[in-house]
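Student: Spelled out from the first residue to the last, the chains are:
Protein chains: 2
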Amino acid sequence: MATSDVQPPSTMDDPVYRTGVLELLGLLAYGEISACERLAEDAKMAPDLKHKVEIAAMATAEFHHFEKLRDRLVELGEDPFAVMQPFAPTFERFHGQTTPSDWLEGLVKAYVGDGLAADFYREIAAYLDPDTRTLVLDTLSGTGHSEFVVDAIRQAIDEDHRVGGRLALWGRRLMGEALSQAQMVVAERDALSTVLVGGVDHPGMDLAAIGRMFTRLTEAHAARMDKLGLAP
Amino acid sequence: MATSDVQPPSTMDDPVYRTGVLELLGLLAYGEISACERLAEDAKMAPDLKHKVEIAAMATAEFHHFEKLRDRLVELGEDPFAVMQPFAPTFERFHGQTTPSDWLEGLVKAYVGDGLAADFYREIAAYLDPDTRTLVLDTLSGTGHSEFVVDAIRQAIDEDHRVGGRLALWGRRLMGEALSQAQMVVAERDALSTVLVGGVDHPGMDLAAIGRMFTRLTEAHAARMDKLGLAP
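Taken in sequence, the protein lines are chains F and L.
Taking this note's numbering, I'd label the letters of the first sequence as residues 1 to 232.
Taking this note's numbering, I'd label the letters of the second sequence as residues 1 to 232.
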């Protein structure tokens, strides 16, 4: 029998799947609100009003993503904040380990984070029931505010080549921290991992498929770094 | 002849009026983006995720107000950031003088500031050409996220009556600073004040009308303080 990365998704009638989806929505919702918060913080380092506004536009987009995820949790009869709260430590750790030390690091983080989140949303969408999938893909479609970052980073490297080396290391650290936090979240949460990995009655990715997903995420990250003019 | 507060508005063909409207839009746009920024800052003091999100929703609404004003400046053929920049010191001074020392002061500032801005938008709308008036009234209509503040402040006063006295003083200081900055802006900018006050060829408010406007703004502020359970 040929293996396929994508198998028929479960439904919300399945209690384990439902718990896993709630955890996923809580994770994504917390991720969006904490990205919004951190972008607002980084906006303060902007060299001028125009760049401050670009970052504020990204923060606003993240807030609207959060709203969609929160509204779905409410529709599902859940207290969104109760569902989100367990993921606070994950994002506190991530942001604590990746606080930008200047404006350029903030820009790279915004760009890399935005891209990685979009890729991850796209990857997991295939394993979700149709309603959740539509929500996840809709949420994703709102990003794309971060293209101005490419110009800003390339210009900064043109002006001082040492900047490129420092930001390349920074980009690698961001990706490393994101993967390490992702791994910890999945390891801690059985239902959530079941949504992705599958269980006895719940089809999902097999280990080879997970490996391929990580390869795709890493390759897409490398492509983004390249676009910024940074060694991946 | 009977005097009226509202006289026929000027048009953008009039260069002094045009300059005044550009200044007004720049002032409002800077006010919105700086409110957005300060709310994002205050959100960090939120006692829980739910309240953080309420404040972030207000910040997001201010950002969308900013976008409308910026887009109009672009439509008018202006660099919005160049038009806004001169008002940076006004808002730096205002926010510098009114940095909340805790979450409750942040809430009162958000509520009082949101209300005062809405009142001011409504007051000036009457003196503007129809296009600008529609924009200003549209921008205004997006507010109203701050009603949750009433519950939070009244509850805090119930728990500790001394809080009421402190926040009442704080509210008075906010209004005093807002009026003092408003007065400085108008005094520094002839074209802007001409839009409101009128000139030889530009009808506007007479001094009695300005007095009445300040009375209305002050009364509305007092009513808001009262709604919060604070002595005006």
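Where hints are given, some of them may not hold.
[As the list claims (entries may be wrong)] Away from chain L, derived, C-beta distances all over 10 Å, residues of chain F:
1) Lys52
2) Ala56
3) Met84
4) Thr134
5) Ala178
6) Val197
7) Met213
8) Gly229
[Said to hold, decoys possible] A few chain L residues that face chain F, going by a derived Cβ cut-off under 10 Å, partial list only:
9) Cys36
10) Leu39
11) Met45
12) Pro47
13) Asp48
14) Glu147
15) Arg166
16) Leu169
17) Trp170
[As the list claims (entries may be wrong)] One side only, chain F facing chain L, incomplete, derived with CB under 8 Å:
18) Glu37
19) Thr90
20) Met175
Keep in mind the hints are simulated off the structure, nothing from the lab.
Every residue gets a Cβ at the ideal spot worked out from N, C-alpha and C, and that includes glycine.
Student: Each hint should be assessed against the structure and marked as holding or not.
Tutor: Do the hints match the structure? See the list:
1. Lys52: With a cut-off of 10 Å, Lys52/F comes too close to chain L, as the shortest Cβ separation is near 7 Å.
2. Ala56: Ala56/F is in fact no farther than 10 Å from some Cβ atom of chain L, at 6 Å.
3. Met84: Nearest chain L Cβ is 6 Å from Met84/F, so the label is violated.
4. Thr134: Consistent with the label, Thr134/F stays out of reach of chain L, its closest Cβ about 23 Å off (over 10 Å).
5. Ala178: holds, 22 Å
6. Val197: holds, 28 Å
7. Met213: Holds, since 30 Å exceeds 10 Å.
8. Gly229: holds, 26 Å
9. Cys36: With Cβ-Cβ at 6 Å, under 10 Å, it holds.
10. Leu39: It holds, given that the least Cβ distance between Leu39/L and chain F is near 9 Å, below 10 Å.
11. Met45: At about 12 Å, which exceeds the 10 Å cut-off, the nearest Cβ of chain F leaves the hint on Met45/L violated.
12. Pro47: violated, 12 Å
13. Asp48: holds, 7 Å
14. Glu147: The hint is violated - Glu147/L has no Cβ within 10 Å of chain F, the shortest such distance being about 17 Å.
15. Arg166: Since chain F brings no Cβ nearer than about 27 Å to Arg166/L, farther than 10 Å, the hint is violated.
16. Leu169: Nearest chain F Cβ about 28 Å off; hint violated.
17. Trp170: violated, 23 Å
18. Glu37: Status holds, d = 7 Å.
19. Thr90: Hint on Thr90/F: violated, closest Cβ of chain L at ~14 Å, above 8 Å.
20. Met175: Violated: closest Cβ of chain L sits about 26 Å from Met175/F, beyond 8 Å.
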